[in-house]
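Enquirer: Take a look at the letters that make up each chain.
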Amino acid sequence: MTQLPITQPLPEQYSDGTDEFAARSQNVSRPDFAAIAEWVKPGAKVLDLGCGDGSLLCFLRDARNVHGYGVEIDDLNVLACFSNGVNVIQSDLESGLQSFESGSFDYVVLSQTLQAVKHTEGIIKEMLRVSKEGIVSFPNFGYWKNRLQVMAGHMPVSETLPYQWFDTPNIHNCTLGDFEEFCRQHGARILERRVMNGGRLVTLLPNLLGMLAFYRFEQQK
Amino acid sequence: MQDTNSLGIVTPQTAYFDTPLHLKSGAILENYQLVYETYGELNAAKSNAVLVCHALSGNHHLAGVYEDNPKSVGWWNNMIGAGKSIDTEKFFVIGVNNLGGCHGSTGPASINAKTGKCYGADFPVVTVEDWVQAQVRLADYLGIDQFAAVAGGSLGGMQALQWTLDFPQRVRHALVIAAAAKLTAQNIAFNDVARQAIITDPDFYGGDYYSHGAVPRRGLRLARMLGHITYLSDDSMAAKFGRELRNGVLAFGYDVEFEIESYLRYQGDKFADQFDANTYLLMTKALDYFDPAYEHNNDLSAAFRAAKANFLVVSFTTDWRFSPERSRAIVRALLDNELNVSYAEITSSHGHDSFLMEDRHYHKLIRAYMDNIAR
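In order, the protein sequence lines correspond to chains Y and D.
Whatever position you read off the first sequence (first residue = 1), add 6 for my numbering.
Whatever position you read off the second sequence (first residue = 1), add 1395 for my numbering.
The following block holds chain Y by itself, in its conformation from the complex (with noise of 0.2 Å):
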């Protein structure tokens, strides 16, 4: 497996409480990045979409070589992007991608985002607009220690979605099942779909034992 880059540590979080980060850059870890690029072209051009501290794009960097942009809303991530050296683009995903041409990228990736996204149709929507292919990562809520809770009468709290109901940044989750039948709906074809549990690949009943799930898919043609 491709060795994790060496990142710049995070900056000091401002007093003010405007030191939120988002989710991903905290739960994001080398096997997630080690499936993306393991589906990325080496040379290819890629927008990561809510990149958090740019740490993907680092990775892809270095492992891929990728032209890489992303964008991001917060401050502080977006002055952790400046300090790594990946391009980021400050900017609001929710309200469109309206910098970026059409088919301009190779690759848009979208890693553990999706369930945090407010106008998740559209998103989808955007991505298969700028981009050849699309690259979404999230985690399962068909997982079965998620059913376990649920079905013991709690919201789930676990290694992927590790906040209480009340806190939770995740506001759209999914199973495998819904986010395939949400592709049938919105002309979105899937190529390619990879499962994994903590690192090892999941291929029996992936719905129900597999944890976070990576997506490869492109406009229906």
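Simulated from the structure, these hints should not be mistaken for laboratory data.
Each residue gets a CB set at the ideal place from its N, CA and C atoms; glycine is no exception.
Any given hint could be a false lead.
As the list claims (entries may be wrong) - The calculated label-pair distances, taken between Cβ atoms and stated as ranges, are:
(1) Y:A158 to D:G1478: 29 to 35 Å
(2) Y:R199 to D:R1770: 38 to 44 Å
(3) D:K1703 to Y:T174: 41 to 47 Å
(4) Y:E44 to D:D1629: 48 to 54 Å
(5) D:N1464 to Y:D98: 43 to 49 Å
(6) Y:S164 to D:G1478: 42 to 48 Å
(7) D:N1438 to Y:G49: 31 to 37 Å
(8) D:D1629 to Y:E224: 43 to 49 Å
(9) D:E1656 to Y:G102: 52 to 58 Å
(10) Y:K47 to D:T1414: 48 to 54 Å
(11) D:R1770 to Y:N71: 18 to 24 Å
(12) D:A1508 to Y:N71: 41 to 47 Å
(13) D:G1637 to Y:T174: 37 to 43 Å
(14) D:E1656 to Y:E100: 38 to 44 Å
Following the hints, put chain D in place on chain Y, whose structure we already have.
Expert: Chain D only, in chain Y's frame:
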């Protein structure tokens, strides 16, 4: 963060140029001088030079103070210095007064060698492109083939953009702060009101007020008052002045009553005492004329095809004179050309003037960007 003066006493220098400069207007400046300041040391490879371009009322004095005047702190002293965001321990920083200026470089108040008198109204109209041509000659004079960065805010940011178009091999990074790729009609309108205030002042004498021993103070003062309003935000003026009255009661007259009137008049007076009206006219014209997309069928992306630099584009949320949307248009054109670009939109209440203000996040961003250049 306390803004300390880490550079101490600084001294301006002068470079003389005898090769005629062909201006965009068709006019020719046969010879001229540029006043500049430098901070830090140029390294042996001459690879650490940073050119900082000034805005409308700025000049070459970026940081430090002059020996004879402890109040003469440079206009970007909070940004430039030893250990600051643009770190003079790492970079050789250059500030230059542009042609047409009134702080030592050849301008309307300079003596025209042909006539032995002040240029006055005869000083040619200069553009951003002309300034960049002159700055290139200063770079040659200083032995700098390529700048690590060219940086500027507002009109200074326009010069940084122009550098990347006219001399793509000579600039590695462009820092384009609170700028625009062209002015809007509203912006040109503000500039014209300012110009009209100056030109219609009876002491203007068609621009030749020097030989009449006059100064169009009233016009320049009004121009500055108007400009100053547009550089602030409604919110910051409300927060700073509100409807506060100078003497606590209404006077039912036309003297200063509200604090904001007092502030603006003071700013206008101060400016009129130290700035040249002809220079103000020239600077606003340079702003109005800047439009690199014009020669490319108004396609900004086409204009940037020549560029090779890496870009940092920064805007401020309350800047309505050079709004974030203007910066985003620049970013789009850079993205269309697959250039390296980062864009930060900084939350600030200070309007256009934010680029001059001390702001922790803004200064950290510039530092992080510059540290990567130095690495």
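Enquirer: It remains to establish, for every hint, whether it holds in the given structure.
Expert: Going through the hints against the structure:
1. Y:A158 to D:G1478: 29 to 35 Å: Given about 56 Å between the Cβ atoms, the range is violated.
2. Y:R199 to D:R1770: 38 to 44 Å: This hint holds: roughly 40 Å between Cβ atoms.
3. D:K1703 to Y:T174: 41 to 47 Å: Given about 45 Å between the Cβ atoms, the range holds.
4. Y:E44 to D:D1629: 48 to 54 Å: holds (52 Å)
5. D:N1464 to Y:D98: 43 to 49 Å: holds (46 Å)
6. Y:S164 to D:G1478: 42 to 48 Å: Given range 42 to 48 Å: holds, Cβ gap about 46 Å.
7. D:N1438 to Y:G49: 31 to 37 Å: holds (33 Å)
8. D:D1629 to Y:E224: 43 to 49 Å: For D1629 of chain D and E224 of chain Y the Cβ distance comes to about 47 Å; the hint holds.
9. D:E1656 to Y:G102: 52 to 58 Å: Violated: the Cβ-Cβ distance is about 43 Å, outside 52 to 58 Å.
10. Y:K47 to D:T1414: 48 to 54 Å: Taking Cβ atoms as reference, K47 of chain Y and T1414 of chain D lie about 51 Å apart, which means the hint holds.
11. D:R1770 to Y:N71: 18 to 24 Å: Cβ of R1770 of chain D to Cβ of N71 of chain Y: about 19 Å, so the range 18 to 24 Å holds.
12. D:A1508 to Y:N71: 41 to 47 Å: violated (57 Å)
13. D:G1637 to Y:T174: 37 to 43 Å: holds (41 Å)
14. D:E1656 to Y:E100: 38 to 44 Å: At roughly 43 Å between Cβ atoms, E100 of chain Y and E1656 of chain D fall inside 38 to 44 Å, so the hint holds.
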